[in-house]
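J.: Protein chains in written order, with this note's numbering: chain C, 1 to 314; chain P, 1 to 481; chain L, 1 to 287.
Just so you know, not all the hints are guaranteed correct.
What the hints assert, rightly or not - Facing chain P, from chain L, some residues (calculated, C-beta under 7 Å): (1) 169; (2) 185; (3) 261.
Said to hold, decoys possible - Label-pair distances were calculated between CB atoms; the ranges are: (4) L:239 - P:107: 25 to 33 Å; (5) C:5 - L:75: 23 to 31 Å; (6) P:23 - C:105: 17 to 25 Å; (7) L:214 - C:106: 55 to 63 Å; (8) C:240 - L:287: 53 to 61 Å; (9) C:105 - P:462: 41 to 49 Å.
Calculated from the structure, these hints are not laboratory results.
Ideal Cβ positions, reconstructed from N, Cα and C, are used throughout, including at glycine.
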Amino acid sequence: MIQVEHLTKKFGRVVAVDDISFKIERGEVIGFLGPNGAGKSTVMNILTGCISASDGKSMINGIDILDDPSAVKRMIGYLPENPPLYVEMTAIEFLHTVCDLKNISRVKRKVEIEQVMERVGITHVSGRLIRNLSKGYRQRVGLAQAMIGKPPIMIFDEPTVGLDPGQIIGIRNLINDLGKDHTVILSSHILSEVQAMCERVMIISKGKIIASDTPENLSHHLFGTNRLFISAAADREDVEKTVKGIPDILEYQIEDGEEAGAVNVKLKATENADIRKAVFSAFAAANQPLLMMRPIDLSLEEIFLDLTRAEVEL
Amino acid sequence: MKKISFRVKHAAISVAISIAVLVGLVLINMLAGEIDLDFDMTRRDMYTLTEESRELLDGLEEEVTLYYLSKTGQENITVIELLKQYDSYNNVSLLTIDPDRNPALISRYTEESGEGEDQKSIATGSVIVVSEGRSRVVPNIDLYNISYTEQGGINVYGFKAEQSISAAIQYTSTGEQVVVYQLLGHNEYTFDDFNYTETLEKSNFTLKTLNMTTAAAIPEDADIVAVLSPSWDYSKNEVDKIQEFLERGGSLYAAFDLTQDPLDNLAAFLVSWNIDIMRGIIMEQDTNRLIPEFGGAPVVFAPAYEEEEIAKPLIENNQSMIIASSMGFVETEIRKRNIEFIPILSSTDKSWFRIDLNTSSQNRVITDKSGPIYASVGAAEKSMETGFQEGAKILILGSAQSFTPLSEIGSLKANFDFTLSALGWLAGSEKAINIQSRSLYQFPMQMSSANAYVYAGIVVIFIPFAIILTGLIIYLRRKRL
Amino acid sequence: MRAVYKKELKSYFLTPGAYIFMGAFLLIAGLLFSLQNIFTGNSDFATFLGSLIFIFLLVVPILTMRLFTEEKRQKTDTLLLSSPVSIVGIVLGKYLAAVTVFLLTLVVTILFPLFLSFHGKMDWAQIWGTYIGFFFLGSAFIAIGTFLSEVAESQTSAAILTFCGLLASWVIDYVRSFVPMSSMAGAIFILILAGIAIAVFQNKAQDWRISAAAAVVAIVVVIILYFTAADALYGLISKFIAWFSLTSRFQRFSMGILKLDAVIYYMSFSAFFLYITGSRIENRRWS
Numbered sequence: 001m002i003q004v005e006h007l008t009k010k011f012g013r014v015v016a017v018d019d020i021s022f023k024i025e026r027g028e029v030i031g032f033l034g035p036n037g038a039g040k041s042t043v044m045n046i047l048t049g050c051i052s053a054s055d056g057k058s059m060i061n062g063i064d065i066l067d068d069p070s071a072v073k074r075m076i077g078y079l080p081e082n083p084p085l086y087v088e089m090t091a092i093e094f095l096h097t098v099c100d101l102k103n104i105s106r107v108k109r110k111v112e113i114e115q116v117m118e119r120v121g122i123t124h125v126s127g128r129l130i131r132n133l134s135k136g137y138r139q140r141v142g143l144a145q146a147m148i149g150k151p152p153i154m155i156f157d158e159p160t161v162g163l164d165p166g167q168i169i170g171i172r173n174l175i176n177d178l179g180k181d182h183t184v185i186l187s188s189h190i191l192s193e194v195q196a197m198c199e200r201v202m203i204i205s206k207g208k209i210i211a212s213d214t215p216e217n218l219s220h221h222l223f224g225t226n227r228l229f230i231s232a233a234a235d236r237e238d239v240e241k242t243v244k245g246i247p248d249i250l251e252y253q254i255e256d257g258e259e260a261g262a263v264n265v266k267l268k269a270t271e272n273a274d275i276r277k278a279v280f281s282a283f284a285a286a287n288q289p290l291l292m293m294r295p296i297d298l299s300l301e302e303i304f305l306d307l308t309r310a311e312v313e314l
Numbered sequence: 001m002k003k004i005s006f007r008v009k010h011a012a013i014s015v016a017i018s019i020a021v022l023v024g025l026v027l028i029n030m031l032a033g034e035i036d037l038d039f040d041m042t043r044r045d046m047y048t049l050t051e052e053s054r055e056l057l058d059g060l061e062e063e064v065t066l067y068y069l070s071k072t073g074q075e076n077i078t079v080i081e082l083l084k085q086y087d088s089y090n091n092v093s094l095l096t097i098d099p100d101r102n103p104a105l106i107s108r109y110t111e112e113s114g115e116g117e118d119q120k121s122i123a124t125g126s127v128i129v130v131s132e133g134r135s136r137v138v139p140n141i142d143l144y145n146i147s148y149t150e151q152g153g154i155n156v157y158g159f160k161a162e163q164s165i166s167a168a169i170q171y172t173s174t175g176e177q178v179v180v181y182q183l184l185g186h187n188e189y190t191f192d193d194f195n196y197t198e199t200l201e202k203s204n205f206t207l208k209t210l211n212m213t214t215a216a217a218i219p220e221d222a223d224i225v226a227v228l229s230p231s232w233d234y235s236k237n238e239v240d241k242i243q244e245f246l247e248r249g250g251s252l253y254a255a256f257d258l259t260q261d262p263l264d265n266l267a268a269f270l271v272s273w274n275i276d277i278m279r280g281i282i283m284e285q286d287t288n289r290l291i292p293e294f295g296g297a298p299v300v301f302a303p304a305y306e307e308e309e310i311a312k313p314l315i316e317n318n319q320s321m322i323i324a325s326s327m328g329f330v331e332t333e334i335r336k337r338n339i340e341f342i343p344i345l346s347s348t349d350k351s352w353f354r355i356d357l358n359t360s361s362q363n364r365v366i367t368d369k370s371g372p373i374y375a376s377v378g379a380a381e382k383s384m385e386t387g388f389q390e391g392a393k394i395l396i397l398g399s400a401q402s403f404t405p406l407s408e409i410g411s412l413k414a415n416f417d418f419t420l421s422a423l424g425w426l427a428g429s430e431k432a433i434n435i436q437s438r439s440l441y442q443f444p445m446q447m448s449s450a451n452a453y454v455y456a457g458i459v460v461i462f463i464p465f466a467i468i469l470t471g472l473i474i475y476l477r478r479k480r481l
Numbered sequence: 001m002r003a004v005y006k007k008e009l010k011s012y013f014l015t016p017g018a019y020i021f022m023g024a025f026l027l028i029a030g031l032l033f034s035l036q037n038i039f040t041g042n043s044d045f046a047t048f049l050g051s052l053i054f055i056f057l058l059v060v061p062i063l064t065m066r067l068f069t070e071e072k073r074q075k076t077d078t079l080l081l082s083s084p085v086s087i088v089g090i091v092l093g094k095y096l097a098a099v100t101v102f103l104l105t106l107v108v109t110i111l112f113p114l115f116l117s118f119h120g121k122m123d124w125a126q127i128w129g130t131y132i133g134f135f136f137l138g139s140a141f142i143a144i145g146t147f148l149s150e151v152a153e154s155q156t157s158a159a160i161l162t163f164c165g166l167l168a169s170w171v172i173d174y175v176r177s178f179v180p181m182s183s184m185a186g187a188i189f190i191l192i193l194a195g196i197a198i199a200v201f202q203n204k205a206q207d208w209r210i211s212a213a214a215a216v217v218a219i220v221v222v223i224i225l226y227f228t229a230a231d232a233l234y235g236l237i238s239k240f241i242a243w244f245s246l247t248s249r250f251q252r253f254s255m256g257i258l259k260l261d262a263v264i265y266y267m268s269f270s271a272f273f274l275y276i277t278g279s280r281i282e283n284r285r286w287s
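Take these sequences, add in the hints, and give me the full structure.
T.: Shown next as structure tokens:
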């Protein structure tokens, strides 16, 4: 459905997007994750034809955006980071204008607008000036704008930024709903959001994709069972001794625990090693009761930080 | 290499398009400049040459150059536009010349124009018409009809550049002029007495004088003879000379004043041209026709124009002639069928004709004849087959003194224009270029001040504020949405 | 294009924009008309329209200042750029909407000569001719405004830029009569133009050898021209400036000559400015 090859974008001497290639299949919900300025928005702008790439190819359904920009643009609904709203219009006037821009025929228009407004829940504010709407409603009008004409691909740049939790849940549900019959790309620097909505995550940093997988795979594949968090009832020195005796341990970190007389330990072993049994045996042998042991299941945030740190070290 | 090709392609295409757009626009403009398709939207076709000029230019055999004296960028567009019309003819070329840069050229024609020592330079804005061997300077003031107000101010009321330039072209290309013999010997006026000489000469009239008492015949080169207010009658012999001249196809311009002695021979001669002179004075009573400056005296009035061709320049410019103490004319009872009687100027039906000159009453008396009375008439021979005018023409005025300059206001512009037009009519278009000046006069408006205030109120207050108010209402109503 | 045109017209009439423009235009025009025609009893409407062209200086900035700046400020340009509307369509739609508002205003002013016609004969043909010229001149000014609104970052700066731009195209005619006319001045002028072209080239290509060669060629050509065809150089600056003079071309319309080449000039002038507006947007996408 979406195919991007060697996409590069330079703003003057600054490389915003650096030789990115990826493919997105029909019906996927993809999350672009990365800090501000990583190039997420730039990629989206290129996909939607707002800006042109310096190099590389961007194809939607096999059509290069440079060859037939109108055909490509017709297939995409786009909500940029700042929802593009004509604030001097009412919501419904605005959606009519969007219908004009997207060439929606007069006959279908009324039903189309009603459906979309119903779906994003702005029917009751349709007659109000966008200027006078709250941030949450504006965001929803922006979403409605992208959904007009039922484009097979929808691209949302930071759809939940600046919204309160209730509104975020609403929009999440909507996107989950859209994901059922559309290809959706969204970007965020909030991980829980991506985790909650996306089937696949692409982590973008400094203009490059540094990881691309399902959220679960990302953590499991990369960080399986070689990291443990334990809490033991013993002295710091004793624990340290015990830990040092366990094979395959690469790193450890010992802190005082919350409970009196207990310490917390974070362990990192060599890759693919399952050290759980060894740890248990070692502590048992040292007569240091383990109060708790669990694998460290990294959140995307940590993966993200980890990956980007690795990037820096490279 | 392949993967960057689209960018190169894009850059190349956009550069190519940019160049194509610029070149295209320049080409279109150059093409439009070549075609030079103009539509003259003016009421009087200000910038379109008349049929008469077109015929002259079509028949032009010699090369004629028009030099327009002006600094670059300061051309008078009205003049330039008209000159361009001339320029579009094959044998005419137009050059705009900066007088400061071409003093040699200017001085060459200054001398030829024979303006004398005191006028060495030619004013900027003038046109010099040059052809093989002849040239004529058309000074800038001759491109316009100008009248002087009593305060000495200038009032430009018409644009006569076509007349001046076409006349100059005709003169320089053919050397032909209309020769007018002013007949003398009976204490006549000459055009000099009217201050008309200079301007008539610029319109291709050559003015000569001929003493009838000594002349054997009217000379061969004469086109028109002018008889301007003889104090006593012509002899039979002298009248015969005029008659003989008319039979050769010449034309007669005559203006009489009421004389002590009747001009019997001349009157009899005119009868043979279907014209009867009535001795007496036209007294006008229509207040619209009387002249306040003359105290509304009934003997001084603005005549109505009966003949369109001659009066056209006056009608166009809304000019009124002024006629004083005019005799009247009627068509004879017995008429020659090959002569057409042409009324030219008349009084209104409120006027009357004072026959008994011993009566000094300002009111109508029993002996008076009721108007309208013709103050000027013409006669033209016409072809019996076609009915068109052909051959001799006569134009008679009942008051020559009306043409003499007045002490305060000088020559009456309208009266001169009439004379010029009348002489042109007599000479015929082949001989005399007689092109109307284009009036710069605007149609007058009769608007009461109440109306004016209503309109001003509508355009200044009502319309703008209605719009602003609409905008304000829409803005305020929507603001709360 | 139609969508942008419709949207722009909506914006004009849903916000005070169009009303301020029309109100200001008609107020100034009405005042001048009262003074020049009504109270003096003058039926010469073409001359009135001719003297009215200064109005563009004041009102065109009002009309065009928000065309692109507002999109940039509200970041709505992404909506247009990601819609299936070409850049040509965007520029043309906006321009035509502004021209439509202007045309509507002009239609209202037809009342003026109509009033006069109740009280005297009017030169209608001349009036229509002048209207045509007035319309195309105004459209050309609007094209300049459209372009400058693309260049500017805010409405205020767009308005000021447009005012200055129009003022420049205005004073050009006055400047024309003061520029030096001599052949020497013409020669120096060509050299300056060549210098600018070479500097631009040098900046892009960074090849000083070609630039130097071009400079030498230019100097030699100018010297040859100066000594062989001094007449061609005479008044060159003035002729060059005349190429950019919008108002001088209008005089003929108010004199009653409908000149097709002037109409075409105005249209190509507009087309040129719209074209560079479009290419600026396009270039921004690429840079």
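J.: Does each hint fit the structure? Answer for all of them.
T.: Status of each hint after checking the structure:
1. 169: violated (16 Å)
2. 185: violated (12 Å)
3. 261: Hint on residue 261 (chain L): holds, closest Cβ of chain P at ~4 Å, below 7 Å.
4. L:239 - P:107: 25 to 33 Å: holds (27 Å)
5. C:5 - L:75: 23 to 31 Å: holds (29 Å)
6. P:23 - C:105: 17 to 25 Å: violated (40 Å)
7. L:214 - C:106: 55 to 63 Å: holds (58 Å)
8. C:240 - L:287: 53 to 61 Å: holds (58 Å)
9. C:105 - P:462: 41 to 49 Å: Given about 43 Å between the Cβ atoms, the range holds.
Going through the hint list in order, the structure does not satisfy hints 1, 2 and 6.
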